[in-house]
Amino acid sequence: MSRATLGWIVLGWIGYALLPWYGFDNTATPTLSDYLAGHSGLVLGLKGAWWLLPVLAPLLIALRPVAGGSGKTDANWMIGAGLLGLALILLQGFTIGLNGWTLDILKSLFGAPGPKQGGMGYGATLTSTAFLLVLCHGFAARGWCRGDAFVTSSIGIIIALIIVFVFFPVSTILASAFADNSGNFAPLEFFAKFIDRSVWGLDCLTGDLRCGVAWNTLFLGLLVAFGTTLLGLAFALIATRTGFKFKGTLRVMSVLPIITPPFVIGLALILLFGRSGAMSSLLYEWFGIPRSRWIYGLPGVFIAQLLAFTPIAFLVLIGVVQGISPTLEEASQTLRAKSWTTFVTVTLPLMRPGLANAFLLGFVESLADFGNPLVLGGNYEVLSTKIFFAVVGAQQDQGRAAVLSIVLLAFTLGAFWLQHAWLGKKVYTTVTGKGDAGIPLPLPRRVAFASYATAIPWAIFTLSVYVIIAIGGFVRSMGRDYTPTLDHFLTAFRVERADWGFYFSGSAWNSFFATVKVAAFSAPLTAAIGLLTAYLLTRQRFSGQRAFEFGTLLSFAIPGTVVGVSYILAFNVPPIEITGTGFVLVMCFVFRNMPVGVRSGIATLSQIDKSLDEASLTLGAGSATTMRRVVLPLLRPAIVASLVYSFVRAMTAVSAVIFLVTAEYNMATTYIVGRVEAGEFGLAIAYSTVLILVMLVAITGIQLAVGERRLGRRSASTNSNPIAVQAAP
Amino acid sequence: MKLRKKLVAASMFAGAVTALSFASAGAAQAQGALVMYCGVQEEWCRGMVNAFERETGIKVSMTRKSAGEVFAQVKAEAANPRADIWWGGTGDPHMQAAEEGLTVEYKSPKMGELQDWAVRQWEQSKGRTVGIYSGALGFGYNTELVKSKGIPEPKCWADLLNAKLKDEVQVADPNSSGTAYTLLATIIQLMGEEKGFDYLKSLHKNINQYTKSGAAPAKAMALGETTVGIAFMHDIVTMVVDKAPIKVVAPCEGTGYEIGSMSIIKGAKNLENAQKFYDWALTPAAQKIGAETKSYQVPSNKATPVPPEAPKLADIKLINFDFAKYGSSEERKRLLSKWDNEVKNLPK
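Those protein sequence lines, which keep their order, are chains A and B.
Residues 1 to 729 (the numbering used here) make up the first sequence, in order.
Residues 730 to 1077 (the numbering used here) make up the second sequence, in order.
Same shape as in the complex, but just chain A:
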C-alpha cells in the first residue's frame, strides 16, 4: 500500500476523532478548544449522538490493509471501507435533519421529532473525503486505469464534486417540474405546462402573432452562435496569420466585451441606437431617417450578444488556429495546391474542433444569457428571462420555471450531441513531438479580405459602444444632461483619510471587495477542475465517460436563476449547509464556469499528439508528472482562456447569484442591477468602468503569470506574435 493511501486513512481518523464533526452555529464564536477533540464525531457519538458511531466500522476496516496483506485483498478492504463509510455518512446525513427525522416513515416508526443535527463541519468533510480517496486508491490497486491512483482519484473527486454541486441541487429543483404548487406529484400538470402554446406555438409563421418562446430562443441561439464563430474566426485569423498593424488594438477590442458587466452593453446600445440615442439623432438630422424602436427585440439582443460572446469564440479559436501545424499546409502547397485550396481542404478542416466548440459555446451562452434580453428584449421573449420571472414574477410558479429549464436543457444537450456527431472520430492532432519546420502560410487573399471586412467594422462598432460607456460615467445623466461630473465615482468609490488610516466610505466598496475576493478564489479552482476534467476526457479511457462529460456540461446548460434557487434548496439545510457564506458563491461559479475550461482544454488537447504523453510515461514519469511537465505547458492557451473566463464570469454573472448574495457577500453585479433599477445609469456605468479596469489588470496578470506556449514553430516575420488574450497592448 502506498504512503498516500496511508496518509488518507490517517486523515480519515483525524477527521473523525479530532476535528469538530459539525459546522458552527452562525451566532457562536468558536474557541480553540472547540476545534480539538471536544466536538469530534467520536466524542459526540459516545456522548449520545449514536448515529455517528457506525462510522467507526469502516475506519477500522480501512486499518486492515495497513496491517499488511496481499495486494488484492488490500484493495478489496479499501473499496469496502470507502463504500461503507460514504454510505453511512450519507445515510445519517439525509435522514437526520435540523428538526429531527426528515422522512415521514421514520417519524411514524421511531416517533417525531427524533434526533437532530446540524450541517457537516471540518471533521465530517475531511472524513468523507478520506473515504472517497481510499475508495479510489482501492480501485487503482485493483488495476483500474492501469493502476494509476492519480487518475482514479481525480475521476473520483470530480465525479463526487459534480454529484454534490451539480446533480444534487439540480435534481432538487427539476423534481418540482412534476409537482403542483403545493408540492404533490402531478405529472399531468407537467405535460400541460410543457406543451403550452406560449412555449411551442408557431403562430409567427402563419400570421401576425408571436411564436413560442422555445423557438425564439433557438433561433436567437443559432444566429448568435453562427455570428460569433464567424467573427471569432476572422479575429483569430487576423491575429495569427496576417501582418496586420493594429493587432494589439484589435485584440483589446475583441476582448473588452467579455469583461463588461451585463446591462452595460445593453444600456450603451440604447444610448446609441434607442429612439433618442446619439446615433439615431445623427441619422435623423443628417438623413431624415425617422427615429424608431427597432433596437428593442431580436435585433438588439442579437447585436448585444454578438458583442458579448465573440470574445469567447475568439479565445477558443486562437489556440486552435495557432496550433495548426504549418507542415501540413506546406505539404499541400508542395503538391501544388493553390493557397485557397489549401485553406479550404487543409486549414479549415483542421480547425473543426475549434469551430465546433466555438459554435457550441456561442449557442449555449446565448441560451443562458439573461442581462441582454432583460434590457433589450422588448417583446421578444426568450427562455432565460421567462424562467427568471416564473420564479420571481407575479405568478411565482417554480414548477413552470423547472419545465422551461428542461426545454432549455434539452436544447443545450442537443447542441452538444450534434457537435459530437459532426466532429466524429477524425483525428485533429497537429502538435506532435516531431520537428515542425514549416512557416505558417499567409492567408489566401480572399480569406484575408473577408476577415478584414468583417473584423474591422466590428472593431470600430465595439469601439463606439465603449466610447459611450467611457463618457457615461463622467456626465450627469447620459442622453439628457452632458454636464461633466465626477459625482458617480465619488458616490461609489470615495476614500476618506481618517486618523487611523484610510476609510472606504464609498457605497460600492463593500460589494467591490467581496466580488474581487470571490472571483480570485474561484478562477484558479475553475481552471484546475476544468482542465483536469478535459485531460481525463481526452487522455483516459474509462467506462461511463460520456455520462461524465454530460455531467460537466449540465450546470452550464441550466439557466442561472434555476441554479441560484436550486443552490438555496439544496444547501440551506444539513447535511451540506453553506448558504450565506462566500463558499457557496465560489462553488456556484466554479461549477457554472468549469465547462469553458473543459471545452477549451479538450479543443487544445485534441491537437496535441498522445505520443508526447506516452514518451513521458515510457520514460518512467507518472500521470501527475506527465500532466505537470508535458501537458500543462502545452495547454497554456487553454489555461489562460479558462482562468480569464472564470475570473471575468465571477465578476459579471447576475442571475445565478441574485439569490446567493448576503449582506457580507454582496456582489458587484447585484449592486449594479439595483442602480439600473433605480434609474441611476451614471453610477452603474461608473462602477462598470472600474470593474472593467480591474479585469483588464487581472487578465494581463494572468497572461504574464501563465506565460506563453512555445511550439518551436518558425515565424515568417521577425516579430513573432503569439497567442491568446494580450489584453493591454
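Don't take each hint at face value.
[What the hints assert, rightly or not] DSBU-like, lysine-lysine: derived pairs with alpha carbons at most 35 Å apart: (1) 788(B) with 517(A); (2) 998(B) with 116(A); (3) 1017(B) with 116(A); (4) 1017(B) with 107(A); (5) 47(A) with 998(B); (6) 1046(B) with 1073(B); (7) 972(B) with 1005(B).
It should be emphasised that the hints constitute simulated quantities derived from the structure, not laboratory data.
Once you've looked at the hints, dock chain B against the given chain A.
Just chain B now, with coordinates in the frame of chain A:
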C-alpha cells in the same frame, strides 16, 4: 514518486481546508443581530439600517432585492430561515407569504398610530404583514414628445386609447411585475371584468413594449424612449425630481394603489430584534427616511410628514382596492392566464 503523490495529497488537503476556512469565515461574520431583506431602493434601505443601528446598537445585516426575489428566497429558505425581517416591497408577495405561512403574526403597540389602509392590510393577512407606505398607480408623459406630436395632454385612462399614441405607451408585463398586475386589477375593479379586458385589448394596440420591471417605463419616459409610461406615481416622481421632462398624472377615473409592507419571517433566529425593528419602522422618525432618500411614497404612520413631492393621496381618486381577492393565488393565476391568452397574444 511517493513524495510526489504525497505532495498531491497534501495539496488537495490544503485546498479543501482553505475552501472550508473560507466558508466558516463567512459563517462567523454572519452574526449580525438582525438579518433583514429589504425590498425598496438601496439608499432607503441603507438609511433605515444606519438609523436603526444608531438608535439601538443592534447590528443589521441587510440584503436588498426586489419583492419577488425576496419572496422566492424566503420560500426556498423556509426549512431553515436565514432572515428575520422582510421590510418593504409591494404588498402582494407579502400577502402571499402570509397565505403560505412563511411569516408570523405580530401586533405592534404602534398599530393605533397607523392609517386605515395599513391596518386593513394587517387585518386581511391575519396580523402577518403590515402596511408601511403606499403609492398610487398612475401614468406620466414626456412633455417634449407630447408637444412635438401635437397630442392633447392625457388626463384619464381613456385618453391612453388615442390612436395617435400608437406604439407610444409602455407598461410592464403583469406576469413579471407587481406594478402591472396592480394595473390589471385596477382596471377590472374600475370597469368590471369584461369591459376591463376590452380596455386592455384596445390599449394593447398602443403599447410599444411590455417591460419586465415595473419601474422601467418611468425610466424609458425620462430618456424619451416612450411618450407615455404607466407606473407607480412615486417612481415617476423620482424621475421628475431628477429633472426629466415628465408630467405625472393621476387618472381622472380613479386608480388603484399598492401597500408596501413589512413582515416577520417565521422561524426568525432574532425574533426579539425583529419585533424591535418592526415597532421602530412604524414610527414617524423611521418613516421620514423615505423622503430623505428620494422615495416619495406616502408613509403609513399618521404623524409622519408626507413629503411635499409625494403625490397627495387626498387629491387622487382611489378605488376601494380589494387586496384579499386580487392578492390570492387563485384569482391571480386566472387573471394572468386570461391576460396572456386574450391580450398579450393579440396581433397589433
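Exercise for the section: If any of the earlier hints don't hold here, list their numbers in rising order. Expected result: 3, 4 and 7
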